[in-house]
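Given these sequences and hints, build the entire structure.
Here are the chains, one letter per residue:
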Amino acid sequence: MIEPDDIDRAILRLLTGDATLKASEIGRQVGLSQPASWRRIQRLSEAGIIAGRRLDLDAAKLGFGVTVFLGVKLAAKSRVSLEEFERAISAIPEVQTVEHVLGLYDYRLRVVARDLSDFERVLRRRIMTLPSVGTVEANVLLSEERRPGPI
Amino acid sequence: MLDDIDRRLLRQLQADPSQPIGALAEAARLPLATAYKRLERLQSSGVLRGQHAVIDWHALGYSVEVSLRITLDKTNPRAFDEFLDAAREVPEVIEIQTFLGRVDARLKVIARDLAEYQQIYRGRILTLPHIADIEALMQVATIKNATTLPL
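Note that the protein sequences, when read in sequence, are chains A and B. Read in order, the letters of the first sequence correspond to residues 1 to 151 in my numbering. Read in order, the letters of the second sequence correspond to residues 1001 to 1151 in my numbering.
A hint or two may mislead.
Said to hold, decoys possible - Label-pair ranges, simulated between beta-carbon atoms:
1) Glu83/A <-> Glu1095/B: 20 to 30 Å
2) Glu1026/B <-> Lys22/A: 15 to 25 Å
3) Gly48/A <-> Leu1114/B: 14 to 24 Å
4) Met1001/B <-> Ile7/A: 38 to 48 Å
5) Lys22/A <-> Asp1081/B: 36 to 46 Å
6) Lys22/A <-> Glu1135/B: 35 to 45 Å
7) Ala91/A <-> Glu1135/B: 24 to 34 Å
8) Ser81/A <-> Thr1075/B: 37 to 47 Å
9) Lys22/A <-> Thr1075/B: 29 to 39 Å
10) Leu104/A <-> Ala1023/B: 37 to 47 Å
These aren't lab readings, by the way, just hints derived from the structure by calculation. Idealized CB from N, CA, C, for every residue including glycine.
Spelled out as structure tokens, the structure:
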């Protein structure tokens, strides 16, 4: 693990804001030459600190008007087949994220759908039909923001 | 309006956001000029809002990740705004979401270890205004993390 210094942190802040910035532009903003800035970006990527890129798409404009977070508790006797549940739930295209959690629920899912009736279809036909699903709690996403984090 | 060509282009771009436009055009089976023009239009119409580098907080030594599901005291009409403003001031809060459902908001909090998490939780989270109830879900594993849309 590399411990990033202040310049690395500045680079990370810039790239989380806009991943398409060129190494020369980043260098200019943090006071490095283009090659020096390129080497640092390379190093941060190789260390796995920069894990990739995320497209910021306007889901509503693309016809996905609803995002719902589901808390799923597995039926008690299904706890043995976690892998099976994880495989089946991950295969549903509308299910964007699957997190195994400790607490009130076993899994936390993020589901995207065209509208509420489309969400109901996904929930009833794809998710509730999985044999291991016990209780489900749904919360409809109203707003979301990603913060830069402690860098 | 978006057509199948736009969707094809976005599907390919989602699959690998950092690929050069030449590779993208080829993957989407489009002439370079068309791919370029389409991308420009998707950007200017606000469908494609940008690209952000994804930071792997584990690689930076943040091994604890907790979802805090928060119910607010809605008798105060300013509860949402004041809570959200204060939550934005906590550097370890990396995501803020608001919901329609049983919980009002969710904060994703990261920490280097449980001792640091406890410090943040007691010192920065419990002191946020207008909290009526908090439930914590601790992340065990991320099974699927596709912030992509099923285009």
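Outcome of the hint check:
The hinted window of 20 to 30 Å between Glu83/A and Glu1095/B holds, with their beta carbons roughly 27 Å apart. The given range of 15 to 25 Å is respected by Glu1026/B and Lys22/A, whose C-beta atoms sit roughly 22 Å from each other. Our hint of 14 to 24 Å for Gly48/A and Leu1114/B holds, since their Cβ atoms are close to 23 Å apart. Distance hint for Met1001/B and Ile7/A: a CB-CB separation of about 45 Å, consistent with the stated range 38 to 48 Å.
Under the hint 36 to 46 Å, the C-beta atoms of Lys22/A and Asp1081/B, about 38 Å apart, fit the expected range. With their beta carbons about 44 Å apart, Lys22/A and Glu1135/B fall inside the hinted range of 35 to 45 Å. Here the CB-CB span from Ala91/A to Glu1135/B is close to 29 Å, well matched to the stated 24 to 34 Å. For Ser81/A and Thr1075/B, the Cβ-Cβ distance of about 45 Å falls inside the hinted range of 37 to 47 Å, so the restraint holds.
Look at Lys22/A against Thr1075/B: about 51 Å separates their beta carbons, and that is not inside 29 to 39 Å. Separation of Leu104/A from Ala1023/B is about 44 Å and conforms to the stated range, judged on CB atoms against 37 to 47 Å.
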